[in-house]
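*Asks:* The chain contents come next:
Number of protein chains: 2
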Amino acid sequence: MLPIAVDAMGGDNAPGAIVEGARRAADELGIPIVLVGRPDETDPLRGDLDLLAASEVIGMDADAGASVRRMKDSSLVRAAEAVRDGRASAMVSAGNTGATMASALLRMGRIKGVARPAIATPIPVVGSTPTVLLDAGANAECQAAWLVQFAQMGAVFARHRYGIAEPRVGLLSIGEESTKGNDLVKETHALLAEPGALAGSGARFVGNVEGRDIMTPDVDVIVTDGFTGNVTLKTLEGGMKALVRAVLETLGASDVGDRAVEALLPLYAELDPDSTGGAMLLGVDGVCIISHGSSSATAVVNAARVAREMVEGEVVERLREAIAAG
Amino acid sequence: MLPIAVDAMGGDNAPGAIVEGARRAADELGIPIVLVGRPDETDPLRGDLDLLAASEVIGMDADAGASVRRMKDSSLVRAAEAVRDGRASAMVSAGNTGATMASALLRMGRIKGVARPAIATPIPVVGSTPTVLLDAGANAECQAAWLVQFAQMGAVFARHRYGIAEPRVGLLSIGEESTKGNDLVKETHALLAEPGALAGSGARFVGNVEGRDIMTPDVDVIVTDGFTGNVTLKTLEGGMKALVRAVLETLGASDVGDRAVEALLPLYAELDPDSTGGAMLLGVDGVCIISHGSSSATAVVNAARVAREMVEGEVVERLREAIAAG
Numbered sequence: 002m003l004p005i006a007v008d009a010m011g012g013d014n015a016p017g018a019i020v021e022g023a024r025r026a027a028d029e030l031g032i033p034i035v036l037v038g039r040p041d042e043t044d045p046l047r048g049d050l051d052l053l054a055a056s057e058v059i060g061m062d063a064d065a066g067a068s069v070r071r072m073k074d075s076s077l078v079r080a081a082e083a084v085r086d087g088r089a090s091a092m093v094s095a096g097n098t099g100a101t102m103a104s105a106l107l108r109m110g111r112i113k114g115v116a117r118p119a120i121a122t123p124i125p126v127v128g129s130t131p132t133v134l135l136d137a138g139a140n141a142e143c144q145a146a147w148l149v150q151f152a153q154m155g156a157v158f159a160r161h162r163y164g165i166a167e168p169r170v171g172l173l174s175i176g177e178e179s180t181k182g183n184d185l186v187k188e189t190h191a192l193l194a195e196p197g198a199l200a201g202s203g204a205r206f207v208g209n210v211e212g213r214d215i216m217t218p219d220v221d222v223i224v225t226d227g228f229t230g231n232v233t234l235k236t237l238e239g240g241m242k243a244l245v246r247a248v249l250e251t252l253g254a255s256d257v258g259d260r261a262v263e264a265l266l267p268l269y270a271e272l273d274p275d276s277t278g279g280a281m282l283l284g285v286d287g288v289c290i291i292s293h294g295s296s297s298a299t300a301v302v303n304a305a306r307v308a309r310e311m312v313e314g315e316v317v318e319r320l321r322e323a324i325a326a327g
Numbered sequence: 002m003l004p005i006a007v008d009a010m011g012g013d014n015a016p017g018a019i020v021e022g023a024r025r026a027a028d029e030l031g032i033p034i035v036l037v038g039r040p041d042e043t044d045p046l047r048g049d050l051d052l053l054a055a056s057e058v059i060g061m062d063a064d065a066g067a068s069v070r071r072m073k074d075s076s077l078v079r080a081a082e083a084v085r086d087g088r089a090s091a092m093v094s095a096g097n098t099g100a101t102m103a104s105a106l107l108r109m110g111r112i113k114g115v116a117r118p119a120i121a122t123p124i125p126v127v128g129s130t131p132t133v134l135l136d137a138g139a140n141a142e143c144q145a146a147w148l149v150q151f152a153q154m155g156a157v158f159a160r161h162r163y164g165i166a167e168p169r170v171g172l173l174s175i176g177e178e179s180t181k182g183n184d185l186v187k188e189t190h191a192l193l194a195e196p197g198a199l200a201g202s203g204a205r206f207v208g209n210v211e212g213r214d215i216m217t218p219d220v221d222v223i224v225t226d227g228f229t230g231n232v233t234l235k236t237l238e239g240g241m242k243a244l245v246r247a248v249l250e251t252l253g254a255s256d257v258g259d260r261a262v263e264a265l266l267p268l269y270a271e272l273d274p275d276s277t278g279g280a281m282l283l284g285v286d287g288v289c290i291i292s293h294g295s296s297s298a299t300a301v302v303n304a305a306r307v308a309r310e311m312v313e314g315e316v317v318e319r320l321r322e323a324i325a326a327g
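In the order they appear, the protein sequences are chains D and C. Using my numbering, you'd call the opening residue of the first sequence number 2 and step up by one each time. Using my numbering, you'd call the opening residue of the second sequence number 2 and step up by one each time.
Honestly, the hints are just simulated from the structure, not real lab data.
If several chains are the same, the list does not tell them apart, and a pair holds so long as it fits within one copy or across any two.
Below, in silico cross-link-like pairs of lysine-lysine (BS3-like), each with a Cα-Cα straight-line distance of 30 Å or less:
(1) 181 / 113
(2) 187 / 242
(3) 73 / 113
(4) 181 / 73
With the rest of the complex left out, here is chain D:
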């Protein structure tokens, strides 16, 4: 297998935690890795990992489109080129999400027939497989036909990532009835309800779902526009964080303090975004894994593991077939 290109410069904890995670992925899981980034910053850290030199770094808050066009020797652009040129099998970055998307889109191109790529983010569900939410932020304005493709691609992802034979796909709305929602949702509902709409991806449309269904085992893939999806994702992250902090503070101040907090550690790990292995940009012609900005070394290990699974499972080929059949 070709190596996985890991953007050593992207993320709040780069390059330290990123390079450490890449080394652990290589050492502990035997995943072939090529780092992409500045030699002077990575040489002291990388041990015997290969390096693809890139002199520029796109900042976490930089304008995505302009940066990718201008910074042709950036680690993100070089990582995407490595996939395009057949020198890497996948790219992983915890850097600027918009720039990661733009690099992948401009260098790898789209899968034939895909209108717009979408970010598929797994949301942890206690005691079950995660719910795949897409689009989690690639497209703030969407058309109904794009959402149908998101459903097809999300189903292929859920099947390969979580081994779900016939993923249940729900459309995010504000009521279960097909008449509920905004104009985009009503139009999308009608398209998804047509017989065979998801036949090519082996999925089943279960109708509208609501925000309260996301963290339940009742649905496998939830489709929405990138604005609503991103708001939803960040709302959940913020809500979970606020509640977890309040629970830990309350327990910490009680007479059962440490033992109660200790009892909760496995649950905490189950819900930790570092455990999910990151989001995947679906629809570009290559594997592109997007880790969150605050990724730890463990998050990078998991992202590399998911990247290998997606490469070995030939998910891009499966997406191509689903889009061609849709």
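With chain D's structure known, arrange chain C on it following the hints.
*Replies:* Just chain C now, kept in the frame of chain D:
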């Protein structure tokens, strides 16, 4: 003060919990109450509370518009009429939300100049005043000018409900920069950023906020369209519920079980929707408090308390002034 009309027939636990809550509001808080509903079902429960007889009940899942037009002797329509006719100072219902809105809108009418009423829902923030989210579901499709009015009305509500002198108003988006978001958000941002946009409501526009800011003390009012707002609200409800259940199950199975759960009870109560006193429909010409469908007697007590506060604070007058000044 004129009595508060409580819809005895609305809600999953009606009429039992609703009437019990109404009685407690009268007995414990001295709030004047008139129940609205079927005599045969409420007479055995209501003690010495007054009753305004209404023979029909709009079901929780009934079509809102059609029901309100057809069922003129329903408890919801009669409650709204009582406010319009000066026989009640406010209405409270835990029934069908759409039908509650439609009854209030059709019977009370809109405040002059208001384009669309909006649902303002308080989201609990641990250790701080709640964040007021609106529109939480009244208008699935919105225009930018309506969102500006939601900001004005939400600020008046936050000032009176929580005593916040100069509420900080944020616009829900997917990035802090004014260029981030969908078309509606970008257009609304430009309008809210104009000097004086919120002068009439004594509020301050703090720019775009993200989902992760909702449960923090950093913002007082968050404005969004009714589709995004409703998805956000239900996402938080579902996420909190899933996490609370997982925490309680995990602790329950641990060796510190009962004592840890007991330590968490005050936090649980702080986050319980029954404690918030319900949402308010802003923009209609009268006070209309919307309790959630699963309201307990305690939720009704709190809703009646909030209704009284809104009546005594003359919030409808303050909304009228803010809209006229806006």
